[in-house]
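Undergrad: Here is what each chain is made of, one letter per residue.
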Amino acid sequence: MLDIRDLLGAMVGSMTSPLRPDDYRAIINPLWSRRRLSGRVEAVFPETPDTSTVVVRPGLGWAGCLAGQHISVGVSIEGVWHRRTFSLSSPPGRPDGLITITVKARPDGLVSRYVVHALRPGQTVRLGHPSGRFVLPDELPTRLLFVTAGSGITPVMSMLRHLAEGRRMPDVFLAHSARNASEVIFGEELRRLAARFPTLRLLEHHTRPGGGRPAGRLTMAALAGICTDLPERSAWVCGPPGLVDDAESYWRGIGISDRLLTERFQPEVRPGGGRGGRVRFVRSGRETTASVGTPLLAAGEDAGVIMPSGCRMGACHSCLAPLCAGRVRDLRTGDEHGSPGDLIQTCVSAPAGDVDIDL
Amino acid sequence: MPTPTRLNARDLGASDIEKLGEELDRLRAEVLASRGEDDARYIRRVIAAQRGLEAGGRMVMFASLLPPAWLAGTAMLSLAKILENMEIGHNVLHGQWDWMRDPDIHSTTWEWDSVSPAAQWKYSHNYVHHTYTNVLGRDRDLGYSILRVTPEQPWRPVHLAQPLYNLALAAVFEWGIALYDTEVERAWRGEKDLSETLQHLGSTVKKAARQGRKDYVIFPLLAGPAFLPVLLGNLAANVTRNIWAHTVIFCGHFPDGTRTFTEEEIEDESRGEWYLRQLLGSANISGPAALHLFSGNLSHQIEHHLFPDLPSNRYAQIAPRVRALCERFGLPYTIGSLPRQTANVWGRILRLSLPGPARSGTGETAPEQVEPVLPARAA
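In order, the protein sequence lines correspond to chains S and F. So the first sequence is residues 2 to 360, counted in my numbering. So the second sequence is residues 29 to 407, counted in my numbering.
For the record, the hints were derived by calculation from the structure and aren't laboratory data. Accuracy of the hints is not assured; some may be wrong.
What the hints assert, rightly or not - Taking CB as the label site, the calculated pair distances span:
| hint | chain 1 | residue 1 | chain 2 | residue 2 | range |
| --- | --- | --- | --- | --- | --- |
| 1 | F | Tyr244 | S | Arg6 | 23 to 31 angstroms |
| 2 | F | Gln181 | S | Gly354 | 45 to 53 angstroms |
| 3 | F | Gly230 | S | Gly14 | 15 to 23 angstroms |
| 4 | S | Gly342 | F | Leu378 | 51 to 59 angstroms |
Said to hold, decoys possible - Lysine to any residue pairs mimicking SDA-like chemistry, simulated, CA-CA at most 25 angstroms apart:
| hint | chain 1 | residue 1 | chain 2 | residue 2 |
| --- | --- | --- | --- | --- |
| 5 | F | Lys47 | F | Ile294 |
| 6 | F | Lys150 | S | Thr289 |
| 7 | F | Lys234 | S | Pro19 |
| 8 | F | Lys242 | S | Pro323 |
| 9 | F | Lys242 | S | Pro142 |
| 10 | F | Lys242 | F | Ser223 |
| 11 | F | Lys150 | S | Arg284 |
| 12 | F | Lys242 | S | Pro22 |
| 13 | F | Lys234 | F | Glu224 |
| 14 | F | Lys150 | S | Asp357 |
| 15 | F | Lys242 | S | Ile5 |
| 16 | F | Lys234 | F | Val156 |
| 17 | F | Lys150 | S | Pro108 |
| 18 | F | Lys234 | S | Asp357 |
| 19 | F | Lys150 | S | Asp359 |
| 20 | F | Lys242 | S | Gly10 |
| 21 | F | Lys150 | S | Gly10 |
| 22 | F | Lys150 | S | Ser18 |
| 23 | F | Lys150 | S | Arg180 |
| 24 | F | Lys150 | S | Ile5 |
Heads up, the beta-carbon is just placed ideally off N, CA and C, and yes, glycines get one too.
Bound-form chain F, shown alone (with noise of 0.2 angstroms):
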């Protein structure tokens, strides 16, 4: 059972939070000032293979009447649309790259194969997820402002459906997140001008239009006479990948183990205290090295949470010692596999669609057990 015992407020005083605090800033350090061309060469190839991939896919599925060719086809572009989303695109976008200096690898220019528009993406992820990750009623991707994955949302109607949304959420997954970006619930609560909603909704179907008109036009228009299994294929590389980032994103703060926090909680909030609650928030996956690459290295949510514009290919590395250092502090490093935590984030969206603070498998989202882990500052 790798999930821990919930972190016990009294453990961790101010002065080891500062602690922590400072030793997270030392490694953070050490990667920056160890960055070289070995990173660089890393992230280099893992384009120009993304590149390869998604070419050679295309191509072979040209020859799609033959169905091993479909098959071969669609799993290449499928494996090349998820390294392009999440080990590239995400990464990117989040300015691990940018240390480079190279104009074509970097987080103000990258554009990705996704319906949303990275400039929306940057903003709605980079700052409003990775700045409130895990507070209730700021960090927006906690449910995405349609699940309920903590007992501490209140329940409503339309949660008894959710198990079923959430299915339908993972097919059209980078619909749902281009949608979700634009923040259309905000404009409707009337929190967001509307022409700035209007405006982001215009950059979104023209963007979506571009990766449409690509998959589902011009790609089997090229096949000819392969025109529908070509268009399937694109289709089942699009959904696949929808799937399976849902699934790698799902796991990163969904599973027991990790904790929500109230907006009181994040007042006045130090460096220290910022680290341990990216920390208490986020989940690792464990399993081999393609799983880490074709997760992103979003396996190592901790570590990413931890250090968002750290190059992933140094999560790896690093997390042995922030998992020693959670040890040295008593704190809980929550890690599972991937079919482990898959269930449980799907048992608990099934166990939240019911109203009532539902008590977990675990015994570790009781609400009577939540409490500050965040030591009260002196007035």
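Bound-form chain S, shown alone (with noise of 0.2 angstroms):
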């Protein structure tokens, strides 16, 4: 049977032709295009000095999120599009239909530094959908245990809210590391929520505290002398490699991996021999070159291909790209790998020699 909906569906795409008319609702308002997500700054308030939240109405075709998920954002800086990965520190369904983002600065971030100090309200956004598989399960364990350090209480806030959200908070153990009290990112807001729920109990370990002498970092096995009870929680770590791989060797260790998720914000990287090469983009005609060390999505863009990407630390898997020809070298394990037709990971992977992307 003719759908009336596919055929006016058909006659208005004619209308438009070439452009869709999604092209037209953006021109109106960018927040209209089911195609291109786009989200508005509706406001920007710092947390630390180096750290901020943005808070972002997203448009049509914003699809919600579960608490803990990251989403990838582009920004216009001075004119060239940039898109970085970023955990949601919202909790999922917000009444007001908003979502947060929460940045830290990194001093040599482009990207970064400026959503933490130049991004304005009214500003347009774009948005990835979100993805990742550091979430809540659907059924609650009944004990759990968050350590976190540094910005990595994202996206932790993010689920710690989702549950204050809810009737009853279940018994909690937040262990979040930073440099002092003052550095704490939500301090404030983490001190009240373990003030207001009894079931919350919050650890906070302070690196430098005081100012000056640096104190000891929070490793796993202190831990596990403060919350006795580490083994029988379902565990979820995130924060900087040091931190996400004692946690790694430490559940591993005592045989209960399968209770421990982790997210990292920066690849492991591993250096490997063998140089890099000449990289052909195939479908834009694209030609340049890259170094052992660089990855292809960062040799793509900075030569004007249109990349895919996502987390850039090769965990979402959005910038998979056809291998025409050629070998790369994965970057966080320095292996050599890759046949045509592979599916490659461009954010992670740098030329072995010469390569040609189907791109």
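Both chains come to you apart, so use the hints to assemble them.
TA: Spelled out as structure tokens, the structure:
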């Protein structure tokens, strides 16, 4: 049977050829585009001197998220679009429909510094769809453990806010490490939550308390002494590589790796031998050379190729592109691999010699 | 008389050409380094204005039973189509805006309101025409395979009719370009693979059907009682755009003062020599800002040919500096008003429809004066 909506859709599509109806909607309001998910910045407020929370109204096509997921955010800096992945700090399904990301400015981070210090309300950002498995399960475990450091608190904040919305806070132990009390992102809110819910226990670990004298880092061995039922808890760990590595080996050591979920903000890069090479983007007709340590994603972006991208650390697989010829080196393992037709993660793959990419 | 004297080969040595190349490279690098938010805002605004103008024009045309509405709607749609093809389509497809990394304004994703599919046009225009600009036997844009626009092209009896069929070509220019982009004449001569040509023809027919359905079926039908006025309005807009594009483009390489080259001249061409050829083979159109906008800044044909991938809004800015460079190196910088250049090109097409090396009114194209501009290299 002929569907009247399909017919209407085809007709409207013909009216705007060679553009799409969406292209016209997006001119009136970028938020009305379903094809190119966008958001409008509603507010930007500082959390700490180098961290800001950005409140965004997502456009049509936003299908919601799970607590703890991350999204790709595109910002236009000096006329050039840059995409990076940030964890959501808002709980899913806020009644006002807004989402928040909380970003820490890295000293050499073009995009993170822009988001923290220069992004203004009213600006349009582009959004990706949420992804990531660092989330709460549908059926909540009775006891939970969150271990975070620095901006690693962000996805956990989304989960805690989500839990706080429920009628009953489950038994949660949150261990968070920061340099000092004033550098704890969401510090006040975390302390308020801990005071409000007797079942939420907050352990703040400060690596430079009172300025100057460094204290030890938060280790799992030390934590196990304080959180004595640690092995019985389902655990979420997010933070710098040192913390996540420690957690993974600790949980592996006691043989309960299945109770642990981790999230990294930086890829583990292992130096490897070999050389870079010429990179040819077959469909765009662009060619460039990339060194042994340059991800294909960065090489392509610099060469003006439209590169699909996501987390930029090998986690989300948004950047997959088919390899036509040549081999690539995985920047995380140093392994060389690839045969024609393979889908390559361009964000963590560097050329091992000359390569052709089907982009 | 703005057309300059013919370049004398002996005036410009190899080292001068190299210096010219370096100066132009520097100019290019300067613009590349200064691209930013203002440029991005410019192209986004032009695109928004174009879409507004197109949607508005089509809506106004629905009231076409009132003649003033028909006129206003047709004028708006004509301007929208001109902007879409010239300042937006042509320039986006050149990759002038790729640096913004916006997948919606990018040479690899853009499709335009023209019968010719973007992919085919990019090959014949960006590659063939911009690489082999004005090289006889290589640049197919020299007369588009049917016109004799330079005395160096051999005369054939069919050229007697070229004033007539050039007039017809102007009215159906987008169709001419589409057919030309499929390179049927090369397939006919056995220079291009037949199945590839058929495939190109197929995608052109599909594209043409989409564009035709929009202008000649869907919108007229939506207009109900105004079916015929809307159909005629859309036809008028397409023809207006075609004539305008034809006019602007013919003023770019065919007026007196522009030069053609032989394949021997471009053997082992250096960067500087390539620049020089682009400079000598192109002509600008002088006029107000609106002319530059609606010509897609092809009124700055010289700057466009030197730097085909710089954002079009920058051509006006660098034009005085390119012109100053030309003066410094004693090179011609061909420029004239639109009526003057158009008359000049038509005069040439009329003259060259007759056999023989016709002497032009300005003495520019007499063959005895055509000598290699590029200095002979030591073997």
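Undergrad: All the hints need checking, so say for each whether the structure fits it.
TA: Checked hints:
{"no.": "1", "hint": "Tyr244(F) to Arg6(S): 23 to 31 angstroms", "verdict": "25 angstroms, holds"}
{"no.": "2", "hint": "Gln181(F) to Gly354(S): 45 to 53 angstroms", "verdict": "47 angstroms, holds"}
{"no.": "3", "hint": "Gly230(F) to Gly14(S): 15 to 23 angstroms", "verdict": "20 angstroms, holds"}
{"no.": "4", "hint": "Gly342(S) to Leu378(F): 51 to 59 angstroms", "verdict": "58 angstroms, holds"}
{"no.": "5", "hint": "Lys47(F) to Ile294(F)", "verdict": "18 angstroms, holds"}
{"no.": "6", "hint": "Lys150(F) to Thr289(S)", "verdict": "20 angstroms, holds"}
{"no.": "7", "hint": "Lys234(F) to Pro19(S)", "verdict": "12 angstroms, holds"}
{"no.": "8", "hint": "Lys242(F) to Pro323(S)", "verdict": "36 angstroms, violated"}
{"no.": "9", "hint": "Lys242(F) to Pro142(S)", "verdict": "58 angstroms, violated"}
{"no.": "10", "hint": "Lys242(F) to Ser223(F)", "verdict": "29 angstroms, violated"}
{"no.": "11", "hint": "Lys150(F) to Arg284(S)", "verdict": "13 angstroms, holds"}
{"no.": "12", "hint": "Lys242(F) to Pro22(S)", "verdict": "13 angstroms, holds"}
{"no.": "13", "hint": "Lys234(F) to Glu224(F)", "verdict": "15 angstroms, holds"}
{"no.": "14", "hint": "Lys150(F) to Asp357(S)", "verdict": "21 angstroms, holds"}
{"no.": "15", "hint": "Lys242(F) to Ile5(S)", "verdict": "19 angstroms, holds"}
{"no.": "16", "hint": "Lys234(F) to Val156(F)", "verdict": "24 angstroms, holds"}
{"no.": "17", "hint": "Lys150(F) to Pro108(S)", "verdict": "42 angstroms, violated"}
{"no.": "18", "hint": "Lys234(F) to Asp357(S)", "verdict": "30 angstroms, violated"}
{"no.": "19", "hint": "Lys150(F) to Asp359(S)", "verdict": "19 angstroms, holds"}
{"no.": "20", "hint": "Lys242(F) to Gly10(S)", "verdict": "14 angstroms, holds"}
{"no.": "21", "hint": "Lys150(F) to Gly10(S)", "verdict": "30 angstroms, violated"}
{"no.": "22", "hint": "Lys150(F) to Ser18(S)", "verdict": "19 angstroms, holds"}
{"no.": "23", "hint": "Lys150(F) to Arg180(S)", "verdict": "56 angstroms, violated"}
{"no.": "24", "hint": "Lys150(F) to Ile5(S)", "verdict": "38 angstroms, violated"}
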